[in-house]
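Sequences and hints are given; from them, build the entire structure.
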Amino acid sequence: MERKERKPYWRSTKWQLLASLIPFLAVMVVLPLYAEQLNANRFLGFPLGYFLSAHGFFLIAVVTVASYVNRQNAIDHWHGAHEDT
Amino acid sequence: MSFSTHARLVNPRLGTYFSIFAALFSAIFLLALISEALSIEDRWLRIALFAGPLLLYATIGISVTTSDPLEFFAAGRRVPAGYTGLLLAITASGATFLVCGTGAFFVSGFDALVLMIGGLTGFVVMASTLAPFYRKFGAYTVPSYLGRRFDSKALRIVAAMVVAVPMLLVLAAELRLGAASASRLTGMDRDIATLVLVVVLAVILVPGGKRSFTWAGVAQAVAALLALAVCVATVSTIVTSLPVPQLTHGPLVRGLVWHEANNGLQTVSTWPLAFGLPGEGLHRLTKPYTAPFGAVGPIAFALGSIMIAAGIASAPWLLPRAAATPGVYEARKSLGWATVLFGITMLTVSSAAVFMRDYVLDLVMNQRTEELPQWIASIVSFGFATVDKSVGEFGYQSLSFDRDAVLFALPLAAGLPKAYVYLAMTGAIAAALLAAGATTVSLAAVLSEDVVQGLTWDPATPQSRIWIVRGFIVAAALAGSFLVSLAPTDPLQLVLWALGLTGASLFPVLALSIWWKRLTRGGAMFGIISGFAIASLAIFAGEAGAISLPSALAGILGLPVSTAVAMIVSSFFPETSRHDLEVVRDIRVPGGEIIYDREMRRLQIKKQTRS
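One line per chain: the protein sequences are H and A, in this order.
Heads up, the first sequence is in my numbering, so the first residue is 1157 and it goes up one at a time.
Heads up, the second sequence is in my numbering, so the first residue is 33 and it goes up one at a time.
Think of the hints as simulated: they come from the structure by calculation, not from any bench.
Don't take every hint at face value.
SDA-like cross-link-like pairs, simulated, lysine to any residue; straight-line CA separation at most 25 Å [claimed, not checked]:
| no. | chain 1 | residue 1 | chain 2 | residue 2 |
| --- | --- | --- | --- | --- |
| 1 | H | K1170 | A | T608 |
| 2 | H | K1160 | A | V616 |
| 3 | A | K450 | A | A261 |
| 4 | H | K1170 | A | T161 |
| 5 | H | K1170 | A | G623 |
| 6 | A | K549 | H | S1168 |
Listed next, the stretches of chain H that the computed footprint assigns to chain A, with coverage defined by at least 3 CB atoms under 8 Å from CB atoms of chain A [stated by the list, open to error]:
| no. | stretch |
| --- | --- |
| 7 | 1214-1220 |
| 8 | 1225-1237 |
The C-beta atom is built at its ideal place from N, Cα and C for all residues, glycine as well.
Have a look at this one:
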């Protein structure tokens, strides 16, 4: 990769990290705290709070990783930082 | 220069090989089922399901013998993303989260989700902050990474001492749980079972180190997943007529919410910092399944998730897995697979707990007379639970369940043949062997590379280098078994302590070493030491009752301390080293040569020009 690309590349990478992690970590801390209130509702037979903390959180984690991998690979290619193939 | 030839490196027949393994494993189970129906003696069934899979793992381990350092320490850097993810997921859960986790879900319900949420977060954090960069660096062990990154032998040795402690704890936990399952399965003494497992570990790991561990480990992970899936999916088909336990247990959960409260389980609330996941031994059911924060307080739940996440993200027995992938992109992808598989495993575990709860609820609702159904009698005869008839009217208070046997009790409760129980135990042994193997092989690499040869960057000849590690593999496995017999402790507790220690000492320094250019070697050194010291002091204090934080959670105190110390020391005593800057710039870019290999080659050239 070219020398002058380094700074913009790392800036995009940093923003991508923050964009992936901050919402995810916020959900991780906050979601279980509201589980009790949400449990009054139902989804697929599950109490909603339990469902969101187990299945919902799992889905959020998978989507976060998948989108991170996808976006970060795109950033690498954009700045020419990708692996040689 | 182009060094990425990963497309050609990956063995195209891996899928075939592991399909054959899965077929053989299923065949052993089906034969056991048939022989049980033919009323062949129970003892032979147990021996077949214990020894058969062990023979298969050992065969795989021995068949990939190697004496090339790259193969021995990093499995040749050609383990595809899917297999790496499988290994990461089942190593992180191990037998602890599978067996103790089922018990924890069964007893504490919602509160055991802290294990799942923590683990998933750990993988997400690892994927985005550490794993791809660690792969780019390509070091064989975490202390070698730190030592090369900051060009400091002292840091390398200190880090090696620090990472050895949590690895030994996890090894002891997994060996203890594996031995407990093995002695349940075969009826042999626990100490003998531990020794048998140590011998099996040595036979698998000594011939090919990480390479043997990788391929035997994939087989073990497949076995553990198959065993879990077959048991729980069969029960799910019986109860809900669909073999997807993760999604079908909803109506059962609703039934639990409805009826448990009417049968004497009242919502309890606890102190916000309590961390009361059930310990080893027998437990009564006291709280409804879905009501949150009856055993783990809300603040402790958040802190516990963060602690487990930091521990798993920087675990020195998981992170080097990422270095065995064929490339940086594959390393990222492997963490995606790890997230998916870990999540599915934990959802299966929680659904197993719900099915078991449902059977117990049925029992409590319909059985207020003297006659208990057949299945509870067989569970009691296996020693998985006790029924106390002296406490007046029959109800939840008269039943206690062994936390580490809930998973094994489920097939009996569903009225399935005994072969299912033995299959679940085989799966537990496989998961225990996998996690124990991961810690043994990483611990041996750390001890031989970073402690014994830690004073030099110039490793011995490949031959002697590998024989030293082989010696340490045996030594590490034996040390683990001594720890099991000398200080028997609850495996779940041990794993939580280990994750607390790693998260506190390693996570901040590892993350800063990539994301903060100005971290100096002094900052890294004092960060690791202070994090480890505070975390271990807090754990001892929590265990002794000197602080009001439970010891399982106390490790979290080290995390902010080590972050602060690392940043303050680096800011007050800045160093500018051209080497460090060059490495940190290079580590951030996925393309280009593997840094560890380049550094090693440079050292060789330097040595040659000097002589």
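The hints, checked one at a time:
1. K1170(H) to T608(A): 23 Å, holds
2. K1160(H) to V616(A): 16 Å, holds
3. K450(A) to A261(A): 16 Å, holds
4. K1170(H) to T161(A): Holds: K1170(H) and T161(A) sit about 10 Å apart, inside 25 Å.
5. K1170(H) to G623(A): 17 Å, holds
6. K549(A) to S1168(H): Given pair K549(A), S1168(H) holds - Cα atoms ~16 Å apart, limit 25 Å.
7. 1214-1220: With 4 residues in contact (Cβ-Cβ under 8 Å with chain A), the coverage given for the stretch 1214-1220 of chain H holds.
8. 1225-1237: holds (count 6)
Checked against the numbered hints above, the structure violates none of them.
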